[in-house]
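Protein chains in written order, with numbering that gives the first Met the number 0: chain V, 0 to 290; chain A, 0 to 330.
If you are wondering where the hints come from, they were derived from the structure by calculation, not from laboratory data. Here a beta-carbon is modelled for each residue, glycine too, at the ideal position from N, C-alpha and C. Mixed in with the good hints, there may be bad ones.
To be verified - To give an idea of the interface, some chain V residues facing chain A are shown, with a C-beta separation under 10 Å as derived from the structure:
id	residue
1	Lys136
2	Trp149
3	Ile170
4	Lys172
5	Phe176
To be verified - Calculated pairs, DSS-like style, for lysine-lysine (alpha carbon to alpha carbon, straight line, at most 27 Å):
id	chain 1	residue 1	chain 2	residue 2
6	A	Lys184	V	Lys168
7	V	Lys136	A	Lys184
8	A	Lys184	V	Lys103
9	V	Lys168	A	Lys130
10	V	Lys134	A	Lys184
11	V	Lys215	V	Lys172
12	V	Lys172	A	Lys184
13	V	Lys172	A	Lys322
Listed below, chain by chain, are the residues.
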Amino acid sequence: MPAPSQSNSRRDIALAALAGITPTPGVSKPDPIIVADNVLRKFGGLTAVNVGHLEIQRGAITALIGPNGAGKTTFFNLLTGFDQVDEGSWTFNGIKISGTPPHKVARMGMVRTFQLTKALYRLTVIDNMLLAATKQKGESILRAALPFLWNAQEKAATARSEELLTRFKLIDKRDDFAAALSGGQRKLLEMARALMVEPELVMLDEPMAGVNPALKQSLLGHIKDLREEGMTVLFVEHDMDMVRDISDWVIVMAQGEIVAEGPPNVVMRDKAVIDAYLGAHHDSTLEQDRG
Amino acid sequence: MDFIFIAQQSFSAALGVNTIIFALAAIGLNMHFGYTGLLNFGQAGFLAVGAYSVATLVVSFNFPLWAALLAGIFNSIILALLLGLPTLRLRADYLAIVTIAAAEIIRQIARSATFNKYLGGSDGITGKFGKDFFDLNPFKDGLDTPFLRYNGNDLWVVVTGWALVFVVLFVMWLLVRSPWGRVLKAIREDEEAVRSLGKNVYLYKMQSLIIGGIVGSFAGFVYALSRQSVQPDNYGTALTFFAYTVLILGGAARVFAPIAGSIIFWFLLVFIEQMLREAVGAGYIPEWLIGVNQVGQIRFMLVGLGLMLLMIFRPQGIFGDRKELALDARA
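The task is simple: from the sequences and hints, build the whole structure.
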């Protein structure tokens, strides 16, 4: 974990990089990790996603918000290869990855979590973690039956898993089935597991859904830590307090399109956003904040 | 009632040829269903391919036995690829439909008049195609003890069969405790999550289907060689469902489950049959209630009842963990 004195450094870098950018939809960023162009996905007559141009800044925490049915999760599925586009393309680190199957996207360093947590229930917590380790020799059928070929690697992966479990306060559950964890702990496990892949870009689909307030704080801390370790974070969220608290940049989707983007305080005052999404709720949330 | 005879028959069956065949068939299913979550309802097809490969190639094409066995393994791999290529990208239930249909297609082809010359139609193939195997038999006198009794050929099949079962089981044990096995179990729990972590799910499912299919073809080898004949109707859907029964009786996703399940299944089947036969013969059960000719059917009813009770009171099987079973995969 980074020392407290440095804890703002990456945040400052990210904010500085994004400081001078005009908050308009599709604006270009100084160092984009993802660049998407003309992404179109239709379900029958419904246009679920129609994104003209979008760039995600490297090293920053970007929030993707929007009302229910805005196409956020569909857009996530498209970017990570879990769904196929009708039109459009996008690059990750300058490499075109549209049309790449999900497992290859993950191997390139772009790892996602799911809205409905996908803990592997009848595997132990430690096995959940070990599964995600990359380039495992023992995962090849030709080497699997010869443990001496992969034992050393397995030990190293176990040590790294235990380190992450300690950091996410799940080490006591090491040998429990993942099904025995609470909803919030499963979210933590899913995030810790994603880190085993050593991603460059972590994509979190509603990390706070169904998490109790105490755990929420610790999840927020973990997400900020990802940025401090040099990872880029893109997350979908409905919890406005969280979005305001941790994001460096906010992208707003409505009816499949990007209607606004910019720093959180700017976006939340944007007329288009208030019209499309926040409406009366925006004011009531502010009320609570003042109280 | 001759209890020594009943015991001898029951124990001989418990360790006998059929137990070996169903243990092997269930080990293959355990790889498919227990570890990977693949609903293969066509295991009988893999047995048929193994059995017919041996019988046809030796009898009709004069292959040496070892070459026919190798060809049988090769053919079971081809069958796994044919089944897997179109279905493994789809949801699990499609695989179930395709496999059950494929196994029936194989059986119908085997009994068709068109291929009568090679596959023997509905009579199947009978011949000395196991000669190379039985020539190696050092136990020509068989075994005759109060508890176990086999003739010479059966004893040789039983000894080599159990050796094969333990070799296969040892390899399975190594495989499922490896990182490779961990990926399979993860696929059983949730494919999408495994994909999101960078694993090629399709490849792993195919490997699992092939390995379980090869073990299924081993069961077919034992089936064909032990009887020196193959008959198409032995490879119907009932065979697959008995193999599932054996697996679930032992406890799915447990390495030793197929052996325990198969031993118990065949012991009960023969024990109940012999008890009924003796009881009817000695007049303990009146002829108007159960006739001698009805014993064969009634034993299946009683075994079925026993299995129902087991599933009610011990749904996890012999080796299973009830707590693990209670964890709903989608909870």
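Comparing the hints with the structure gives:
1. Lys136: holds (8 Å)
2. Trp149: holds (6 Å)
3. Ile170: Constraint on Ile170(V) not satisfied, violated at 20 Å.
4. Lys172: violated (14 Å)
5. Phe176: Because about 6 Å separates Phe176(V) from the closest Cβ in chain A, which is inside the 10 Å limit, the hint holds.
6. Lys184(A) x Lys168(V): holds (25 Å)
7. Lys136(V) x Lys184(A): holds (17 Å)
8. Lys184(A) x Lys103(V): holds (20 Å)
9. Lys168(V) x Lys130(A): With a Cα-Cα distance of about 65 Å, the restraint between Lys168(V) and Lys130(A) is violated, given a limit of 27 Å.
10. Lys134(V) x Lys184(A): Holds, at about 18 Å.
11. Lys215(V) x Lys172(V): holds (19 Å)
12. Lys172(V) x Lys184(A): Holds, because 19 Å separates the two Cα atoms, which is no more than 27 Å.
13. Lys172(V) x Lys322(A): Since the Cα atoms of Lys172(V) and Lys322(A) sit roughly 16 Å apart, the hinted pair holds (cutoff 27 Å).
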